[in-house]
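Participant: For reference, the chains in residue letters:
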Amino acid sequence: MNGNGSVELNASVEQVWAKILDPEVLAECIMGCKELVLLEDGKYRADLAVGVAAVKGKYDATIQLTDVEELKSYKLIVRGEGAPGFVEAEGLIELIPAEEGTTTLTYAYQAEVGGKVASIGQRMLGGVAKLLISDFFKKMKKQVENEQKTA
Amino acid sequence: MNKQHIGKPMARVEDARLTSGQGSFIEDMNPLPNIHHAAILRSPYPHARIKAIRTEQAEQMPGVKGIVTGKDVVELTHPFPVGVTAPVKYYSLAVDKVRYVGEPVAVVVAKNRYLAEDALERIEVEYEPLPAVVDIETSLLADSPILHDEVGSNIANHRTFSYGDPDKAFREAELVVKHKFMFPKYSATPVETYGVIAHYQSSSDSLTIWSNFHGPFTLQSVMAAALRINSNQLRIMIPKDVGGSYGIKSGVYPYMVLMGVVSKKVGLPVKWIEDRQEHLMASSSGTDRVTWIEAAVKRDGTVTGLRMKMVDSVGAYVRAPEPACLYRTHSNSTGAYRIEHLAMETIAVMTNKSPTGLIRGYGGQQMYFPLERIMHMVATKLGLDPAEVLRRNLIAKEEFPYQTPSGGIYDSGDYRQAFEKLMSMAKYEEFRERQAKARQEGRYLGIGLACIVEPSGSNMGYITVALTPEERGRSLPKSGCAEGATVSIDPMGGISVRISTAPTGQGHETVSAQIVGEVLGVDPRTVKVIAEMDTLTSPWSVASGSYSSRFGPIGSSAVYQAAGKVREKLLRIAADQLGRSPDELVMETGKVVVRDDPTKQISLKRLVGSAHWNPQGLPAGTEPGIHETAFYTIPTALPPDENDLINGSATYGFVADAVTVEVDPATGDVQILDYFTIHDAGVLLNPLIADGQIMGGLAHGLGGALYEELAYDKNGQFLAGSFMDYLCPTATEIPKVTIAHIETPSPLTPLGAKGLGEGNTMSAPVVIANAVADAISPYGVTIDTLPLSPNRIWSWIQQAKSKEEELV
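Those sequence lines, one after another, are chains A and B. Per our numbering, residue 57 is the first one in the first sequence, and the count goes up by one each step. Per our numbering, residue 36 is the first one in the second sequence, and the count goes up by one each step.
Be a bit skeptical, because a hint or two may be false.
Quick list of simulated restraints, FRET-style, between CB atoms [unchecked claim]:
{"id": "1", "chain 1": "A", "residue 1": "Asn58", "chain 2": "B", "residue 2": "Thr702", "range": "22 to 30 Å"}
{"id": "2", "chain 1": "A", "residue 1": "Thr162", "chain 2": "B", "residue 2": "Lys416", "range": "54 to 62 Å"}
{"id": "3", "chain 1": "A", "residue 1": "Asp191", "chain 2": "B", "residue 2": "Arg467", "range": "54 to 62 Å"}
{"id": "4", "chain 1": "A", "residue 1": "Asp191", "chain 2": "B", "residue 2": "Tyr149", "range": "31 to 39 Å"}
{"id": "5", "chain 1": "A", "residue 1": "Met87", "chain 2": "B", "residue 2": "Ser824", "range": "30 to 38 Å"}
{"id": "6", "chain 1": "A", "residue 1": "Pro153", "chain 2": "B", "residue 2": "Leu175", "range": "50 to 58 Å"}
{"id": "7", "chain 1": "B", "residue 1": "Tyr149", "chain 2": "A", "residue 2": "Glu168", "range": "25 to 33 Å"}
{"id": "8", "chain 1": "B", "residue 1": "Ile70", "chain 2": "A", "residue 2": "Asp123", "range": "50 to 58 Å"}
{"id": "9", "chain 1": "B", "residue 1": "Pro436", "chain 2": "A", "residue 2": "Ala110", "range": "53 to 61 Å"}
{"id": "10", "chain 1": "A", "residue 1": "Asp103", "chain 2": "B", "residue 2": "Ala701", "range": "47 to 55 Å"}
{"id": "11", "chain 1": "A", "residue 1": "Asp191", "chain 2": "B", "residue 2": "Ala701", "range": "33 to 41 Å"}
{"id": "12", "chain 1": "A", "residue 1": "Met87", "chain 2": "B", "residue 2": "Gly727", "range": "49 to 57 Å"}
{"id": "13", "chain 1": "B", "residue 1": "Glu172", "chain 2": "A", "residue 2": "Arg101", "range": "40 to 48 Å"}
{"id": "14", "chain 1": "B", "residue 1": "Ser824", "chain 2": "A", "residue 2": "Ala110", "range": "17 to 25 Å"}
Result set (DSS-like, lysine-lysine): computed pairs, CA atoms no more than 25 Å apart in a straight line [what the hints assert, rightly or not]:
{"id": "15", "chain 1": "B", "residue 1": "Lys626", "chain 2": "B", "residue 2": "Lys215"}
{"id": "16", "chain 1": "B", "residue 1": "Lys43", "chain 2": "B", "residue 2": "Lys626"}
{"id": "17", "chain 1": "A", "residue 1": "Lys99", "chain 2": "B", "residue 2": "Lys86"}
{"id": "18", "chain 1": "B", "residue 1": "Lys86", "chain 2": "A", "residue 2": "Lys114"}
{"id": "19", "chain 1": "A", "residue 1": "Lys75", "chain 2": "A", "residue 2": "Lys197"}
{"id": "20", "chain 1": "B", "residue 1": "Lys344", "chain 2": "B", "residue 2": "Lys333"}
{"id": "21", "chain 1": "A", "residue 1": "Lys186", "chain 2": "B", "residue 2": "Lys749"}
{"id": "22", "chain 1": "B", "residue 1": "Lys416", "chain 2": "B", "residue 2": "Lys203"}
{"id": "23", "chain 1": "B", "residue 1": "Lys640", "chain 2": "B", "residue 2": "Lys600"}
A few chain B residues that face chain A, going by a derived Cβ cut-off under 7 Å, partial list only [claimed, not checked]:
{"id": "24", "residue": "Pro79"}
{"id": "25", "residue": "Glu156"}
{"id": "26", "residue": "Met316"}
{"id": "27", "residue": "Gln752"}
{"id": "28", "residue": "Phe753"}
{"id": "29", "residue": "Leu754"}
{"id": "30", "residue": "Gly756"}
{"id": "31", "residue": "Ser757"}
The set of hints was computed from the structure by calculation and includes no laboratory data. Beta carbons: idealized from backbone N, C-alpha and C, even for Gly.
Hey, can you work out the whole structure from these sequences and the hints?
Facilitator: Structure, rendered in C-alpha cells:
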C-alpha cells in the first residue's frame, strides 16, 4: 500500500522544520500515540493504539527519523508489532519554500501490514491509512499555524 | 429383494436432537473435572526465523498454568510421518522458523480462555523476516525462496507416468488443444470449528483425546508416532455430533497432538476450541493447482490422448495425507471418456501458505476444471457443439466394467443414458434458440455441460502412488478400504449398531438403522445406532472414518454384513427350535416364520432370549449372546502394481450437469438461470439423504466457482481472515436446482450402492465456467481460472474489448 500528498502550511520552512522534528509535537500528531521515548539519536519508542476494522490493539513501535537533510527532508520509519500483527511504514517528508513565507510539505509513504490486521483488515486498510495521515497533517498544520498566531 | 426400508426416503433420526438443541458437540463436552483452556499464539509472518521467544511475563499473568513452545514439542514429539521421501520436518508448533501466516508458535494454558488470550499478548517473539513465496510457478524457479533448507528445493513430491502410447496419440492427432489452468486455494467452512480436549495420564503414560476429528484413521498411527506412544495409549473419542467438516476437520490432527503435548507438560486436562479467524487462516484447505493440459484430438471430436502436468501447492509443509490430492483422482484422470493414452507429471510444491488436506471433492475439482474446460475448447476449435464432443467420447454401457489407462475399474454405469436424460431435462436445443435470440437483443446467455466420474470409497493404496514402484517395494503393500460395524442384541431384544464411519452430519445413523431394520425385519426406528467413535472400543481399521464418500459403498456394506451375521445366527437358532432348516425360514416384522407353514413361527424376542437367558438350549456349536462384528473391503482395491496401475476407489458414480447463465457484460455479474444435475450412484439407500448431500455438495461447488478463495498477497500475507473477506454462498445465492437419478447397481457392493455427495463439488466449478465461457464467447475470452467474480469477468471483457479496438 502506498500513497502521497501535500499540504500548504502558513509558516516558514524554518518554523515547520522545527515542529516536524519535535518529538512532543510528533507524539501529539500521531493518532493513538501518547508519547515518544527517546531510545537513541533520532529513534523513539512508542505505544500506538490503532484500530483497523475489527482489529483494535496496541503496537509496540519504534519511530525513526533518518536521512535528515536540514530544512529539506527526512524519512520517517515506523515499525510496530503487537497482538494484531505488525505494521511497517516508511514516509518521505519534504519541505519546499513557497511564496510569502509559506511552505509546501509533500509526503510519500509506503506501508505494509501483517498478521491479523492484514487478514481481516485489508479491505479497510487504505481508508484507515488515509485517515491516519490526514489526521496527522491536520494536527501538524494546527500546531504550526497556532504557533504562528501566538508568535 | 423386495425392500421395506432400504431405498426409502426415511426422515433422519439425527434431526430430532439436532433441531431441539440436544446435539452433543465437542464444545458441549465436559468429560473431566478441572479442564483448563488453551489459546494459541500464531505467526504474523509468512516466513521468518524465530530468534527468541520470551514467555516470562506471560507466565506471571493471573490464572496462567503454563506455556508450551517449539522447544517442548521437539523434546516431546517426533515430526509427523508423511508418505513422501522429501525430508520435511513438520511439528505441531513452529520450530526455529515460521513458514506461513497463522502458524502456531506457542500455547498458553490458563483457567479460562480470556486469561489465556490475554497472556498471549505478553509473549514476545523476535522474528527475522525472510522472503516468502506464494505463487506455484515461482516456487519452482531456481532462485525462489526455499522453505525447507534440508529439502533443497520446494518440491515435496514429483512423479511422471505414461499409460498406453501417448506420444503416438499426439503424433497421429489431427488437432492438439492445449492450455494452462489455475485452480485457486479454497476451503470448506463448517459451522463448527476445530475442537480438542486432551488428557494425559502419567500413571499409564497415555493420552485420551476428544476431538471432532473424523478420520481417516490412518492418521491415528501418524499421531501415535508423533507422540512417541503405542497406538493403544492414544485413545481418540469423537463426539456424537460433529458440526460439518467436508473433509476439513481431518486437519485437526496436528492440534490433537499439540494439545496432547500441552496436557502432558502442564499436567492438566486441556481444552481448545478454534475461533473462526484461526479456522480460515490456519486450519486446512484444498490445494491450489496449476495444470498444463494437452488433448490429442481427431477431427470428429474424438479425444485419443491426454498430457497433463499438475502442480499442487500443499502449503508450508507436506502434511499427511498430502500429497494425496494429486493422486486421489489418478485412476479416473480420463474422466467419463474413452481416452486410451495418458501421460502425467505430478508435482507437489511447498509455499508460504497454510497446509492443505482433505476437502469435499478432494482433487476432483482441480482435475475436472482443466479436463472439462479442454473438452469444451476442443468443441470450439472444431466448430462442434460441446454436447456432440461429449457424446462422442463417453464410455458406452457395454464397456463396463471399464478399465481406465491408469488402472481405474469403473464398476458400472450408463453414461449415455444419463447424459441424454440430462439434455432433455435442460431442453438443450430449446435453450440454444433462446440464447441466439437473446444475443440479438444484446444479452449474453450461455449453457455449460460437464460429465464427471465420481470416485467413492478410497483404496488406501492410491496414496502410495506418490512413491516410485521401487520405493513402494521397500515396505508393506497398502491396499483396501476396510470398514467395520458391530450389531448386537441385548437380552431384552434391544438392537444396537456400532459404526466407525465418524459421521459429520451425513445421516449414517439413519441409513444404518434402515439397513439393520431391513435385514432383521424390524422397524428401523427401534434400532439404536452409536456413531460415537472410540479407538479403544469401536470396530475400526486404517481406512475408517468419513471421507471419500465411503459410507455409501463401504460403511453401509459393513453394517449390512454384520446384520447378516446376526440374522444367520437367529435363523440357526430358530431352525433348531422349529425343527426346520434355516433356508425354509423367513424373517419378518419381529418374528421368524416357516415359509410354507405360516402357523409355525417364533418371535425374535424369544430367539434373542434363548441366546442370552438359556444358552444351554442353543443348537450345538452356537455361542451365547448376540454380538456380531463384520469388516468389509472390496476385492478390486489392490495395491498399485509395478506399472503404476491403480484402482484408487471402490466404486465410481457418474454426474452430468447442465447449467444456464446470463452474464451482464457491464458489471461482470453471473446469474445462474437453471442448474440441472443427474446422478448415478448405483442403488440409492435413502433418496432424501442423497438429495440433501447433492445440494450440499453443489453449494460448495458453487462457492468454488463464483466466490471462495483463500487469497494471499504477493508477500505471503493472508487476506481472507473473516467472512467479510472470504465470501461463502448462503441460501440466497443458491440457484434453482433440478436433481435426477438413474441407478445402475454396483456389482461390487452387496446393496449395489456407491458413494455420492462430492460429485457437484467437483463438477460445479467447471460447469459454471463452461456456461460463462459460452455466454461471453463473442468476446473471445478464455476462462482458465476461478472464482468467477464480477471483477474478474469484467476485466476479461475489458481486455478483450481493448484488444479488438487495437485491431480496428
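Participant: Hints first: check each against the structure and report whether it holds.
Facilitator: Results for each hint:
At roughly 29 Å, the beta-carbon separation of Asn58(A) and Thr702(B) lies within the given 22 to 30 Å, and the hint holds. The hinted window of 54 to 62 Å between Thr162(A) and Lys416(B) holds, with their beta carbons roughly 55 Å apart. The hinted range of 54 to 62 Å is satisfied by Asp191(A) and Arg467(B), whose Cβ atoms lie roughly 59 Å apart. In this structure, Asp191(A) and Tyr149(B) meet the distance hint of 31 to 39 Å, their C-beta atoms being roughly 32 Å apart.
A C-beta distance of roughly 34 Å is found between Met87(A) and Ser824(B), which places it inside the suggested range of 30 to 38 Å. For the pair Pro153(A) and Leu175(B), the beta carbons lie near 54 Å from each other, so the given range of 50 to 58 Å is met. Checked against the given bound of 25 to 33 Å, the beta carbons of Tyr149(B) and Glu168(A), roughly 31 Å apart, stay inside it. Taking the beta carbon of each, Ile70(B) and Asp123(A) are about 55 Å apart, inside 50 to 58 Å as hinted.
Between Pro436(B) and Ala110(A) the CB atoms are about 55 Å apart, so this pair conforms to the stated range of 53 to 61 Å. Distance hint check: the CB atoms of Asp103(A) and Ala701(B) are about 49 Å apart, consistent with the given range 47 to 55 Å. Roughly 37 Å separates the CB atoms of Asp191(A) and Ala701(B), a value that falls within the hinted 33 to 41 Å. A hinted range of 49 to 57 Å holds for the C-beta pair Met87(A) and Gly727(B), which are about 51 Å apart.
In this structure the supplied range 40 to 48 Å holds for Glu172(B) paired with Arg101(A), their Cβ-Cβ distance being about 42 Å. Taking the beta carbon of each, Ser824(B) and Ala110(A) are about 23 Å apart, inside 17 to 25 Å as hinted. For the hint linking Lys626(B) to Lys215(B), the alpha-carbon distance of about 64 Å lies beyond 25 Å, and the restraint is violated. As the CA atoms of Lys43(B) and Lys626(B) are separated by approximately 22 Å, the hinted pair is consistent with the 25 Å bound.
With a C-alpha separation of about 23 Å, the suggested pair Lys99(A) and Lys86(B) falls inside the 25 Å cut-off, and the hint holds. Between Lys86(B) and Lys114(A), the direct Cα distance comes to roughly 22 Å. Compliance with the 25 Å bound is thereby established for this hinted pair. The suggested pairing of Lys75(A) with Lys197(A) holds, with an alpha-carbon distance near 10 Å, which does not exceed 25 Å. Restraint check for Lys344(B) and Lys333(B): the C-alpha separation of about 22 Å stays at or below 25 Å, so the hint holds.
Of the supplied pair hints, the one linking Lys186(A) and Lys749(B) holds, its CA atoms being roughly 22 Å apart against a limit of 25 Å. Restraint check for Lys416(B) and Lys203(B): the C-alpha separation of about 22 Å stays at or below 25 Å, so the hint holds. Only pairs whose Cα atoms come within 25 Å are accepted, and Lys640(B) paired with Lys600(B) is accepted, the gap being roughly 17 Å. For Pro79(B), the suggested interface contact is upheld, since its CB lies about 3 Å from the closest CB of chain A, less than 7 Å.
Hint status for Glu156(B) relative to chain A: holds, with the closest Cβ pair at about 4 Å, below 7 Å. For Met316(B), the shortest C-beta to C-beta distance to chain A is roughly 6 Å, which falls under 7 Å, so the interface hint holds. Because the beta carbon of Gln752(B) sits about 4 Å from the nearest beta carbon in chain A, less than 7 Å, this interface hint is met. Because the closest C-beta pair between Phe753(B) and chain A is about 4 Å apart, less than 7 Å, the hint holds.
A least Cβ separation of about 5 Å between Leu754(B) and chain A falls short of the 7 Å threshold, and the interface hint therefore holds. Nearest Cβ of chain A to the Cβ of Gly756(B): about 3 Å, under the 7 Å cut. The hint holds. Annotation: interface hint on Ser757(B) holds; nearest CB of chain A at approximately 4 Å, less than 7 Å.
Checked against the numbered hints above, the structure breaks only hint 15 and satisfies the rest.
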